[in-house]
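Peer 1: Modelling step: build the complete structure from the supplied sequences, incorporating the hints.
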Amino acid sequence: MDEQRERGPGGPPPARGGPPVWRHGPVWWNSRTPEGTGPRLPWPTTLALLAFVQIGSGFAGDGQPDRVALDPFARVLLLLATAVLLLRHRSPATVAYATTAVTLVYLGAGYPYGPVLLTVAVACFAAVVAGHRRAAWGAVGVLWAGHLLLAHWLYQWLPPGGDGASPWSGQLVVAAWVVAIVAVSELGRVRREQGDKERAERARAAERRADEERLRMARELHDVLAHSISVINVQAGMGLALLDSDPEQARTALTTIKAASKEALGEVRQVLDTLRAPGEAPRAPAPGLDRLPELVEQAGSAGLTVDVITQGAPAKVPPGADLAAFRILQEALTNVVRHSGSRHARVLVRHEKAALTLRVDDDGPATGADAGGSGNGLAGMRERAAALGGTIEAGPRPDGGFRVTAVLPLTAPRDGEARTAPREGQ
1 MDEQRERGPG GPPPARGGPP VWRHGPVWWN SRTPEGTGPR LPWPTTLALL AFVQIGSGFA
61 GDGQPDRVAL DPFARVLLLL ATAVLLLRHR SPATVAYATT AVTLVYLGAG YPYGPVLLTV
121 AVACFAAVVA GHRRAAWGAV GVLWAGHLLL AHWLYQWLPP GGDGASPWSG QLVVAAWVVA
181 IVAVSELGRV RREQGDKERA ERARAAERRA DEERLRMARE LHDVLAHSIS VINVQAGMGL
241 ALLDSDPEQA RTALTTIKAA SKEALGEVRQ VLDTLRAPGE APRAPAPGLD RLPELVEQAG
301 SAGLTVDVIT QGAPAKVPPG ADLAAFRILQ EALTNVVRHS GSRHARVLVR HEKAALTLRV
361 DDDGPATGAD AGGSGNGLAG MRERAAALGG TIEAGPRPDG GFRVTAVLPL TAPRDGEART
421 APREGQ
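For the sequence shown, the working numbering assigns the number 1 to the initial residue and increments by one for each residue that follows.
Not one of these hints is a red herring.
Straight-line distance between alpha carbons at most 16 Å, and here's what the computed EDC-like set of lysine to aspartate or glutamate pairs gives:
| hint | residue 1 | residue 2 |
| --- | --- | --- |
| 1 | 316 | 352 |
| 2 | 262 | 294 |
| 3 | 316 | 290 |
| 4 | 258 | 297 |
These are computed hints drawn from the structure, not numbers from a lab.
Peer 2: Printed below as a string of structure tokens:
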């Protein structure tokens, strides 16, 4: 209702930030247009150039008494040479030749040399930057050849009367002017191409970062939800089986389901908060090996007994490796709950100077039951280890059961060896 009152019956909704025509100035003033309509006319620079050419030509005429004085026709030619530059972004090749033609008419009429040559320079610069290099070179070639004809052949039939042929040394000045136009234009083209290339590289890098961030988010959500939902699945089955025969045990299972779902919601919220507030620090610290007792307790609530053995003096583990270690152990224990008939697992955490070794064993056998997993658990563990330059080995043991072994280096990998480890909540 409020929007309808603002726009009136049948009218379009007002643009936010003011009328679209005047938000960045009137339409006719801007050099850009909405998408799909092409570039707008560059009024500001063209008007500034027009003023410079008109005023500068007057001063140039004062210093060249042997040339024809500026008259209304000369002013019109200067206006045309400048006004055509309004189209230099839409038709750069045509504008380059048009300014050259008007300039040659101006010089052929005997008017003084001066800022009129600047219009050719601007037109050729725009043509080269827009990719019309041949048109720009052709225009400056026509300018030089035309001036050569005017100065050494046609001068006898053109004003000013009694004028002689220009000295050949003057052609060096014109040639230097032509070379300067080409050089500056080519420099502008190279700079623009480099800028376009850098922008494209930044866009591709941003896309890669976005893809990596989506992969990290998917991996985090998988690890969080897979573990908690597996516990909930087991406890729900237990609760249904014991609902009539042992209500107290069923109540305990429901309590475990409530706690597991609450923890899962908290971790999911922590991961998703980074999407809602990019750049802000996470509200809770990323999980690490200090939360291993919680994993053991959760596995115990799902009916899995876990023995933990720690070897070596615990050292400070980098945040990336600490998070990866926690997620790998979480996924390995989740797989035991899902797929193993054993209700006992053993976890080994070995601290070494250069690496952290994790090992999870269960006695099997595999149940072949589907506990709702996605089938990406081992792949996710391998990705986490590879991101740190580490390795994952997983497979059946010779004496039965299953073993997962992870080796995570505690030093930064060399260039090209692995990508930067993902960090949760960042």
